[in-house]
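Trainee: Sequence:
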Amino acid sequence: MKPEKLNPIKSTINFSNRKINKRYSRQIILEEIGKKGQMILNNSCVSIVGLGALGSTCAELLARAGIGKLILFEKDVLEIHNLHRQILYDEREVGKRKAVEAKNILENINSDIDIVSYDKGLDKSNVNLLKESDIILGCTDNFESRFLINEFSLKEKIPWVHGGAVKTVGNLLNVIPEKVCFRCIFPVIENFSETADSLGIINSIPAVIGSLQATQAIKILLKKEYEKMLVYFNVWTNELTKVNVEKNPDCPACNGKYEFLG
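Counted the way the working numbering counts, the sequence shown spans residues 28 to 289.
These aren't lab readings, by the way, just hints derived from the structure by calculation. Hints are not guaranteed to be accurate.
[To be verified] Pairs of lysine-lysine residues, derived as BS3-like cross-links and limited to a Cα-Cα distance of at most 25 angstroms, are as follows:
| # | residue 1 | residue 2 |
| --- | --- | --- |
| 1 | K49 | K158 |
| 2 | K274 | K63 |
| 3 | K284 | K158 |
| 4 | K269 | K206 |
| 5 | K250 | K194 |
| 6 | K182 | K123 |
| 7 | K184 | K255 |
| 8 | K123 | K158 |
| 9 | K246 | K269 |
| 10 | K251 | K158 |
| 11 | K49 | K182 |
| 12 | K182 | K151 |
| 13 | K184 | K49 |
| 14 | K251 | K284 |
| 15 | K123 | K102 |
| 16 | K49 | K102 |
| 17 | K194 | K269 |
| 18 | K274 | K250 |
| 19 | K62 | K251 |
| 20 | K251 | K102 |
| 21 | K147 | K206 |
| 22 | K158 | K269 |
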């Protein structure tokens, strides 16, 4: 039975009665996290926009890490060509709704966390569903959605982590409110077409970038030192490039002119 597109596919897990147990023992002994850090993760809420190659990687890693609540957005059906890079799924899910299948898979991975999954893309009519988030992960190749997340992040003062990947190259940017934002760096591009659909993609690069996004999210949640540069990584040539970024005083989004929120 197909779920209504605007209704969340809700988990029945009790979010308030979280506990630290053997599941996270290897994270707890890690000095960067520890028991206190694990408790913070267990009581955090992360939203992931897009459950393709980047988003499915992020969702699985954060579910396994014990993020207490995941809010997921995805409008597409799984197609056979997705399987070469979208590692959360397998052949049994082809032709099914990613939002539904991802929730089911993730609950089988970690039944101690709460998962709310929307069978819907993010747009200005439902962007307020992100308000509960402690951090947002942008895992979509849709530029309009990226600018929408960026404006919402600035308005609500919620950090977000942008990730992108095409061909053999991926990029990552942490957007912290009142600091440099996505639009400070990237201009609005109409009819953006440089996606995996048109240019292709090697399957290892979204796994790398998704792993970096998940790690940066954990660091920001724990108030640890996070990456402040724009990061590019070419998995084919093994080249890592970091670019200094600066706040643009003329950035419309930073100046409260929200063109995508409406």
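Trainee: Now, for every hint given, state plainly whether the structure supports it.
Mentor: Do the hints match the structure? See the list:
1. K49 to K158: Judged against 25 angstroms, a Cα distance of about 31 angstroms means the pair is violated.
2. K274 to K63: Violated, because 33 angstroms separates the two Cα atoms, which is more than 25 angstroms.
3. K284 to K158: Roughly 19 angstroms between the alpha carbons, so the hint for K284 and K158 holds.
4. K269 to K206: Within the cut-off at roughly 17 angstroms; holds.
5. K250 to K194: Between K250 and K194 the Cα gap is close to 33 angstroms, so the pair fails against 25 angstroms, i.e. violated.
6. K182 to K123: violated (35 angstroms)
7. K184 to K255: Since the Cα atoms of K184 and K255 sit roughly 17 angstroms apart, the hinted pair holds (cutoff 25 angstroms).
8. K123 to K158: violated (28 angstroms)
9. K246 to K269: holds (18 angstroms)
10. K251 to K158: Holds - the C-alpha atoms of K158 and K251 are around 23 angstroms apart, at most 25 angstroms.
11. K49 to K182: violated (39 angstroms)
12. K182 to K151: holds (13 angstroms)
13. K184 to K49: violated (34 angstroms)
14. K251 to K284: violated (31 angstroms)
15. K123 to K102: holds (11 angstroms)
16. K49 to K102: Cα-Cα ~35 angstroms, so violated.
17. K194 to K269: It holds: about 19 angstroms lies between the C-alpha atoms, which stays within 25 angstroms.
18. K274 to K250: holds (21 angstroms)
19. K62 to K251: Holds. K62 to K251 sits at ~15 angstroms (cutoff 25 angstroms).
20. K251 to K102: violated (33 angstroms)
21. K147 to K206: violated (30 angstroms)
22. K158 to K269: violated (31 angstroms)
Comparing the model with each earlier hint shows violations of hints 1, 2, 5, 6, 8, 11, 13, 14, 16, 20, 21, 22; every other hint is respected.
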